[in-house]
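So the protein lines, in turn, are chains A and B. Residue numbering for the first sequence follows our numbering, starting at 1 and increasing by one per position. Residue numbering for the second sequence follows our numbering, starting at 1 and increasing by one per position.
Treat the hints as calculated values from the structure; they're not laboratory data. Only a predicted model underlies this, so the values are computations on that prediction, with no experimental measurement involved. Quick reminder that beta carbons are idealized off the backbone N, C-alpha and C, glycines included. Careful, some of the hints might be misleading.
[What the hints assert, rightly or not] Between beta-carbon pairs, the in silico distance windows are:
{"id": "1", "chain 1": "B", "residue 1": "Tyr30", "chain 2": "A", "residue 2": "Glu85", "range": "31 to 39 Å"}
{"id": "2", "chain 1": "A", "residue 1": "Gln17", "chain 2": "B", "residue 2": "Asp55", "range": "29 to 37 Å"}
{"id": "3", "chain 1": "B", "residue 1": "Tyr30", "chain 2": "A", "residue 2": "Asp98", "range": "15 to 23 Å"}
{"id": "4", "chain 1": "B", "residue 1": "Val82", "chain 2": "A", "residue 2": "Gly40", "range": "21 to 29 Å"}
{"id": "5", "chain 1": "A", "residue 1": "Gly3", "chain 2": "B", "residue 2": "Lys56", "range": "26 to 34 Å"}
Here is what each chain is made of, one letter per residue.
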Amino acid sequence: EAGVAQSPRYKIIEKRQSVAFWCNPISGHATLYWYQQILGQGPKLLIQFQNNGVVDDSQLPKDRFSAERLKGVDSTLKIQPAKLEDSAVYLCASSLSDRAYEQYFGPGTRLTVT
Amino acid sequence: GNSVTQMEGPVTLSEEAFLTINCTYTATGYPSLFWYVQYPGEGLQLLLKATKADDKGSNKGFEATYRKETTSFHLEKGSVQVSDSAVYFCALSYGNNRLAFGKGNQVVVIP
């Protein structure tokens, strides 16, 4: 069974530039999550999708972050414009609807904003 | 609110030593509790879980018991190996199946 795929693995941009991350969840997983993990901290949930609908985006900085999951499969997370404090690892995870506690994580995208 | 607190700092120990990582939680209601592990260069993966008080989760020689009276879920392993070197995260579930993670503890096992 293929795991959660993310790309790119690494990205370096200057502040005020834009960036996009892509995630392909495990086949059949209806629930998809994006987390932000700042160095030395645990993952913080940014947004949760159930199929192509948003369940929770209460911690997503909506003035600069956006995410979509148009066909209920792949998802993209965008930052525009980026700030220095956005430097972090962005993790995508997916789960079955009835076992949402068992989340499967991708390897993450390490973003550095200079 | 719902939060998890892990002991500060990395843990360095010798192979075959006993490992304990402390985790305490604050939650409304009765959350499920988890330990996730992140090996170098890989994504987080579920290590073990406990869904109600006094449950013991176990996997790969690791154990943790859900202690409601002390709001704790400490992770233990009797004899660690070099391959156990990783970052360990304690987490709880809340709301609509969301997870709140602790800061994580890096464990380094020296041969």
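Status of each hint after checking the structure:
1. B/Tyr30 / A/Glu85: 31 to 39 Å: holds (35 Å)
2. A/Gln17 / B/Asp55: 29 to 37 Å: About 48 Å separates the Cβ atoms of A/Gln17 and B/Asp55, which means 29 to 37 Å is violated.
3. B/Tyr30 / A/Asp98: 15 to 23 Å: holds (19 Å)
4. B/Val82 / A/Gly40: 21 to 29 Å: holds (24 Å)
5. A/Gly3 / B/Lys56: 26 to 34 Å: Holds - the Cβ-Cβ distance for A/Gly3 and B/Lys56, about 28 Å, lies within 26 to 34 Å.
In this structure, only the earlier hint numbered 2 is contradicted, and the remaining ones agree with it.
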